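Here's the letter readout for the chains.
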Amino acid sequence: MKPPDVRAQAALSVRDLTVSYGRAVRALHEVSLDVPQGEIVTVLGANGAGKTTLMRAISGTLRFHGGVVSSGKVTYSGVSLNTSPAHRIVETGIVQAPEGRRVFGRMTVEENLKVGGFHAPESTKKRVFDLFPVLAERRKQRASLLSGGEQQMLAMGRALMARPKVLLLDEPTLGLAPLMAQTIARTVKEINEQGTSVLLVEQNAALALRLADYAYVLDVGQVALRGPAAELAASDEVRQRYLGIVDEQIPVAFGTRTLSRWEG
Amino acid sequence: MTRLLELLINGLSLGAVYALIALGFVVIFKATEVVNFAHASLLLLGGYVTAVLHDDFGFVGALATGIVVAAAVGALVEFVLLRRAKARRDVIAIATIGIDIVLTAELSRRLGTSVLALGDPWGDKVVQFGGITIAQTRVAALVVAAVLIALFLTAFKYTPWGISMRAVAEDSETAALMGIRLGRISMSAWCVAGALAAVAAVFIAAFPTPGLDRTTSLVALKAFPAAILGGLDSMTGALVGGLLIGLTESLVGGYQNDLTFLGRGLGDVAPYAVMIAILLIRPSGLFGTREVSRV
Amino acid sequence: MTAIPELVVKDLTVRFAGLVALDSVSFTVHPGTLHAVIGPNGAGKSTCFNVLSGVYKATSGSVHFGRRDLTTMSPHRVGALGISRTFQNLALSAALTVEDNLLLGRHRLMKTGIVRAGLRWPTALREEKKHRERVREIADFVGVAHHLNIPVGGLPYGDQKRVELARALCGEPRLLMLDEPVAGMNATERLSMAGLIVSVREALGISVLLVEHDMGMVMRLADEVTVLDFGKRIATGTPAEVQENPEVLRAYLGEEVS
Amino acid sequence: MSKLRWAPLLLLLLPPFYLDAFWLHAGLFAMAAAIGAIGLNLLTGSTGQLSMGHSFFLAVGAYGYVYFAGESDGHVAGLGLPTPLAAVLAVVLAGLAGLAFSPISGRLSGVYLGIASLGLIFVGQHVLFNFEKVTGGYNGRSVEPMRLLGLPFDGSTDLVVLGVPFGAEERLWFLGLVLLGLAAWFANGVLRGRPGRAMNLVRDQQIAAGVLGVPVARVRGAVFTLSSMYAGLAGVLLALAFQRAVPDYFGVMLAFEYLAMIVIGGLGSVNGAIIGAAFVTLLPQLLTRYADALPMVAAVGGEGVAPSDAARYLYGGAVVLIVLFLPAGLSGLRVPFLTPRKETTP
Amino acid sequence: DNGDGTDSSGVKTGPGVTADKITLGALTDMTGVYATLGKSITQAQQLYFEQLNQAGGVCGRNVELLVRDHGYDVQKAVGAYSELQSKIAGLPQVIGSPIMAAIAENVAKDKVLTIPAAWPSQLLKVPYVQIVGGTYELEMINGVDFLVREKGLKKGDKIGHVYFEGEYGESALAGAKFAAEKAGLTIVEQRIKPTDNDMTSQVSALKSEGVKAILISAGPRQSASLAGVAAAGGLNVPIVSNNPGYSPQLLGTPAAKALEANFYYISATQPPSADAPAMTKLVGDYTKKYPKDTFDGGATFGYVSAKVFGESLKKACESKDLTREGIYKALQTQSAFDSEGLMPVLDFSKPGQVGTRESIIQRPDSKAKGGLVEATEPFTSDAAKEFQLG
Ligand SMILES: Nc1ncnc2c1ncn2[C@@H]1O[C@H](COP(=O)(O)OP(=O)(O)OP(=O)(O)O)[C@@H](O)[C@H]1O
Ligand SMILES: Nc1ncnc2c1ncn2[C@@H]1O[C@H](COP(=O)(O)OP(=O)(O)OP(=O)(O)O)[C@@H](O)[C@H]1O
Ligand SMILES: [Mg+2]
Ligand SMILES: [Mg+2]
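Protein chains in written order, with the working numbering: chain A, 1 to 264; chain B, 1 to 295; chain C, 1 to 258; chain D, 1 to 346; chain E, 1 to 390.
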């Protein structure tokens, strides 16, 4: 499955990437990270940390949200992707399963897979069905009728249809029952073992750290922590962040301003 | 009795042509959520090219050219207006009115006062059966429309183009993420619409109508209600709507002596009356889908 | 302003073509308390808000605010009962100034109709003046007063979030519903927003229903927490209780939690 | 300051003393159109409701006035009411017509509403041609001249002001000016007040609007009614300017021209509507008159572009260019006294 | 000021008359629905005045025609009128019923002699408006008479009448009904709009009513469609059309055969193929000046109406009164205006009356000049003589 020279190739790399939405929101600030060939790299971060923005920047879909890369660049095996339109990036082999599944609800499972790769050989389709047998069962069903977990599988399967070299997963376990999350995790591993590099964005830290070789933690658009997954998994900071045990005191009776009830 | 039958058949064949035009609206709307008011002028354009070229190129050659030209202009509109304008969708629709005004003015100027024949093979031939007479062009219109629409429904269901189109219509960002070229899709939609307009033009200008002239584009005004009452985002809707309007017009015309209490000459009103009635019951047309907006 | 009634959500179920966004969820917001609803993305939190504010219709179940049944009310009726909300994805009128957006928050409290507005009827002018004053108070309180005359579209995301809160306050609510008020804010912004929410309660003593992913904040602010997962309620209780609840830990971390 | 901004408008008082009937007529049509365009802009520009049936309500206003003010004779019926009253009633009638359409205007939006309202025009034309007792059928009806405080707005009585004989046009000019002024003033009041804000929110954030207590359907219905009344007033003024109401005038093309006006002038802005109206109505008149003087434009029968075609190219093209490059329309350009205090562009 | 005064040679002058120029106006349609008609009439009129000026003009003045194209837009037309109003001595051409209706009152007020390019009896009521030729009513009356005399229609037969909504169609209908009444025939009405170009449903309606002939008062397109569909559907009955309902171009359409077989066309103007020397000359001059354009009935009418104006001006000059009043009076002195066989002899001496009640029935013929040949001599039916105009 995996061509011999793959490891030799340079990987997906992000350098000093700064992204903002409109004039107002700076969502990413000089973020750098690497996805070495054949590895799983995970990006953790609270809501609004900028994970999805990072994914959008890599896949070239920022413009759909009024976002722009104001500095820094994204390269794949040395080639800059900054100016490439989304479809070109897909052609280079970087494919994303977006946050919130985003399956085409009015279409059948099969049609969704077609959109993923119109000219994909049967083998690819077969592989997807092997990974997600449930999709094979439901191939004629409208995607909107699938359960959340099934929709997530479809989203991943759809991405795989393009036979990606790098697979971008934005919160694949989002809103999934724990069991389902485990299944997804297993599949990600499997996909990776078949030679696809994975960039995994997760809020489910434990799961992500267990899967990944290397991890980054984004905080408000900046890389706060980075290191081998195992190490980060050990650090309390990460555990706290995600158990919501923070110690900053909220100043009650905030500021001096007060507001009285309105007797209109 | 034969009169009713004749009116029904005529209505259907007329409706088939409206359906072709309505289909043009639908294809564009599905791909870009814009209603193309310049469709009327694209229609006139296609017809005009066919009419002026048929002597030299022969009907088929001329029609082919007409189709290509109309498609090209459609693509141009997409490229110049749709890709660049940032405005609200209905404002862009108004802009297409502007395009329509300009294009129609130019074509009317070229057409001047002449009535052009399109040199179609059917001429004024008719087919007769059981006392019913119907122009061959009408039969041809029925067949062509049926074929084209069937073709489209299938293309939409099975071909990469059709599936991509639906994907874009449903969620353009994700479609792009899957490697679909949005620009190409919406442009292709405009091309297709232009081509359809050109084809429709032939049947509108051919016998029993004397030929193509500046008023030919006005039929588009009858295709609006067709597209709307069927549901702007539904191909089936376009078909049903077209036929419904065709029948309405034909019957209202044929039985106007029995409808005098409504005043004579209901030809233009009836289609809209039917449409409004239907909109009152189904605000997004018979087959249209109301999209739930999220907050 | 009359007393604060309690909000009772009972067996609320919402279905969208096929998927169950809310699955017979029940909870109660006691007068003057801050009740948090948490849960992973797609758990149904916003849907819940949308039902409470009349935007979506419940498939089954009921919502009562005091004696009034909201279940089938249209949005503007619900608003009239003194229920204001913010939106997860900003829903401001970008072209209008902050002041106008805030005045819109007071729409239901004002009377001027087309005729009087057109004729600049004295009552209309007086009303306008009175409410502009209140708007300034609120803007000042929320800390966007200096932006009042700028079109909202031009403000930074965080400030827009504040304007949303201010606009909700402008409705002089008895129940305030906040959908992820600090999403996409940085630590300091989050802190001040949290403080703001606290002082709103201090000042007005109204009930607050809060949807938020930021656990820290929820744990600090909430009197009671309802946890949704995949449309189902998996826990309700004080922050402490909820934090201990294995179900909840699993929903956020997956099985193996020590 | 804001007083100063309007000072240049005083120039509008001069034309009757210096310009001939052609100009005054052209100006009158422009003023009438401006009133109608303000109405349409309240609906389409500020509330985001596309209407393509505006000329129907113009017709209601025009014919309403003719009927209320006109005398019955063998051919047509009329109520022979005092003309000012007739004018008011005509506007009210147009409003009622708009109100009657609110089941549709309240529920539909976007092009669905646009094309539904397009239907009104065809219905209207049909009625105008067939309901002869009131409309006079294809021939139309002559218009009772307005009569305010004993002063008739036609050439009948002689009136000389500052050495200038004041005929129908001169008098109507001032009437039109007053009506337009009031219409614009009222519209600005609406836009800057509570209703205007609600309208903008309905356009920008439909769902939020509901939650903030704005009854979306009712607002849409109400604004549609209001804009119909503006159209009605415009219709009355047009009738007075034409001195005869004829059915053919109130067609689809007219409705399209009104849309062109508000886009060219600037969506959602009162001044925009006025500028756009002036642009679209004066253009063809001028080109027709000065055809021989203009390059490219051909004198009648000659080679080259006929004036009316030239006009179409120009304002058709203008619409496209403005949508592309000037979202705020001509009024968005920083012309001192024309720039609205507060812009509400979509 | 309206230019009233008296010139050196003692000729009273009014608006539009200067020392060396007499200005006339034309409100025409070059870009709208009646562009065909407008173009022919205007060009013919310009041709006439050119010739007139070469022949020395009138009262030592050149006659100039100020043409304004309103494109069938009432607003533009009214605007154009208010511009021309003070500049012109008369209006040899106004196209479009709604436009004529819109300016009628002003025309009367300003005492401007006007020749409309529309032929409804309605207009005879309007002072200072002179119809040249018959009216739509008279055409149809004579048409029905023709059907009875030549096409063997008998008491009790049905005649279909397909007509435009609007003044033209409905005036024609009135005439048809009057004549049918007299002849004991019944009319089957089919009202259409100018946008209806396909007459199929009308034909099947008429067919099932079993009509023996069809009258049509619409545009050329509708005539062509009607003839074509009727023939194709085996409804082989004579079709008689008013004068706006035909144009030679139709012979280039698929309907040509059917037209040549069953179609008749009524007009007060002679067909271009008529063997009157004046006609031959006119057609020659016209096609020389406008090689690209086909000569049609409109041109003939345009030329004659211009001539009527020209002659009136001359008479007015003789009686030393070139005011608008004067020109109008001069017109009325002409009780037997001779257009040298372009049209029947015209009588303008009776205000509120038509120039003539005669009509000429004509047939399409692709070989003939202008695509028309005479089918009958000019004639006036008894019914037409009785018909009360206005
Ligand atoms: N209008 C709608 N149409 C279809 N599905 C919907 C609609 N609104 C919500 N849903 C679905 O209902 C489920 C719950 O959505 P909801 O927005 O309430 O989740 P949430 O808890 O607010 O998530 P988040 O934390 O991301 O805001 C999701 O699967 C969503 O896709
Ligand atoms: N379309 C947008 N316009 C303006 N700001 C945006 C937009 N999308 C995201 N943002 C802001 O950018 C920042 C990063 O958002 P992003 O969605 O990347 O965070 P995230 O880490 O993916 O959050 P989540 O865990 O909810 O997916 C947040 O402050 C967010 O509010
Ligand atoms: Mg994200
Ligand atoms: Mg939410």
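It should be emphasised that the hints constitute simulated quantities derived from the structure, not laboratory data.
Be aware that a few hints might be false.
For lysine-lysine, the following BS3-like pairs were computed, each having C-alpha atoms within a straight-line distance of at most 25 Å [unchecked claim]: (1) B/Lys125 to E/Lys212; (2) E/Lys367 to B/Lys125; (3) E/Lys125 to D/Lys133; (4) E/Lys125 to B/Lys125; (5) C/Lys111 to C/Lys130; (6) B/Lys125 to A/Lys140.
All values derive from a computational prediction rather than experimental measurement.
Now the hints, each set against the structure:
no., hint, result
1, B/Lys125 to E/Lys212, "23 Å, holds"
2, E/Lys367 to B/Lys125, "23 Å, holds"
3, E/Lys125 to D/Lys133, "20 Å, holds"
4, E/Lys125 to B/Lys125, "47 Å, violated"
5, C/Lys111 to C/Lys130, "12 Å, holds"
6, B/Lys125 to A/Lys140, "48 Å, violated"
Comparing the model with each numbered hint stated earlier shows that hints 4, 6 do not hold.
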